[in-house]
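Undergrad: This is what each chain is made of:
Number of protein chains: 2
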Amino acid sequence: MKPDEIEAKSFAIIDAEAGPHNFAPDAWKIVRRMIHTTADFEYMQMVKISTNAVAAGINAIRKGCTVITDTNMAKTGIRKDLLAGFGGRCECLMADPRVAEQAKQRGVTRARVAVETAAPMMKNGIYVVGNAPTALLHLLEMIKNKAADPALVVGLPVGFVNAAESKAALMETNVPYISNVGRKGGSTVAASVINALALIACERT
Amino acid sequence: MKPDEIEAKSFAIIDAEAGPHNFAPDAWKIVRRMIHTTADFEYMQMVKISTNAVAAGINAIRKGCTVITDTNMAKTGIRKDLLAGFGGRCECLMADPRVAEQAKQRGVTRARVAVETAAPMMKNGIYVVGNAPTALLHLLEMIKNKAADPALVVGLPVGFVNAAESKAALMETNVPYISNVGRKGGSTVAASVINALALIACERT
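Chains A and B supply the protein sequences, listed in that same order.
Mapped onto our numbering, the consecutive letters of the first sequence carry residue numbers 1 to 205.
Mapped onto our numbering, the consecutive letters of the second sequence carry residue numbers 1 to 205.
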């Protein structure tokens with residue numbers, strides 16, 4: 001089987017096993033791709049998508065926005081070719097030597113400095129957190145202080161310390177978000193959300 | 001909290017919630033890191049580690065082996081600094097233009113050509129599958145035909161078409177393996193296994 005055929009068969013299996021659900025068609029394309037990436041049907045219960053978040057993400061991508069990730073793994077997994085088709089790009093500042101240097105000088109985490117450094121790129125862009133609750137929490141603080149203004153936050157940090165809490169805090173804001181309840185998440189599933197949005201954006205072109 | 005402190009706290013939470021288990025100390029370090037990466041305790045039941053696979057992996061890393069991955073995401077997540085400390089490195093051929101060209105000419109998948117191209121690097125090395133069942137199935141065929149001879153196979157493809165089947169086939173061989181039963185897996189968890197092995201190798205230095 002070719003990769004396309006494998007994906008189509010996978011989606012058919014997921015549709016069949018998922019059974020009835022209340023996701024709107026575009027939202028289901030996102031959730032289905034998250035399940036495809038993780039083989040974890042629990043995402044059907046865990047995923048939370050704010051009103052208009054899907055439209056905000058599609059519009060941002062169609063306008064050639066910058067997608068900023070908190071991990072190079074998420075950046076690696078994102079279909080940068082699809083973003084580039086709209087004039088967009090993907091950036092991750094975690095491995096930027098200037099970020100590392102500044103974090104060291106200030107005695108704060110690289111995740112924090114990376115979010116601050118990304119603020120100018122964030123306007124009309126999408127911020128993707130696949131790993132660091134610190135990044136998401138600091139982003140929320142910056143949004144509150146009007147220091148950052150992303151079109152969409154994909155908040156999917158994974159782990160046992162502050163991951164669930166940072167996502168709960170995201171869900172209390174007015175910023176458009178795609179996130180999940182609980183500890184699960186990660187770079188592969190975060191990338192899958194952007195890829196699902198980018199593929200929907202391509203269908204509309 | 002600093003990243004090290006977050007990790008230590010996360011491991012303490014996992015230890016407490018995991019409860020009693022029968023993993024040997026080194027195997028638990030691997031499984032615990034898989035849980036840390038995924039927040040999925042199901043790995044306690046799913047993971048299968050063949051006799052001597054942990055020792056084979058640690059020895060290979062300590063000898064400066066090449067770690068070959070089937071995805072650039074897994075390569076991105078692997079602590080290449082730790083491998084380099086032993087003279088080792090990490091390679092992924094999926095994005096190699098020669099692999100793409102050959103796959104196109106022969107009408108086969110890139111995953112298949114990437115495995116074949118990696119065979120000469122595989123002696124005493126570790127092959128890591130985090131995504132493509134095709135890669136794992138073709139590797140098993142090559143091992144059977146004595147065309148490949150890795151010291152360890154980390155077989156953790158994820159998905160709905162042949163992922164579980166390819167891992168079941170791996171578990172029927174005599175090659176040292178770290179794998180899991182079922183559909184779950186992926187690049188982040190595959191990288192976490194190599195990082196756990198590399199950290200154990202560092203402790204022994």
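It is possible that some hints are incorrect.
[What the hints assert, rightly or not] Now the stretches of chain B that chain A is said to cover, found in silico as 3 or more residues with beta-carbon under 8 Å: (1) 38-46; (2) 83-90; (3) 152-160; (4) 172-186.
In short, the hints are calculated from the structure, not lab data.
Think of the CB as a built atom: it goes at the ideal place given N, C-alpha and C, for glycine as much as any other residue.
Undergrad: Against the structure, test the hints numbered earlier, and report the numbers of the ones violated in rising order.
TA: Hint check: 2 fails alone, others pass.
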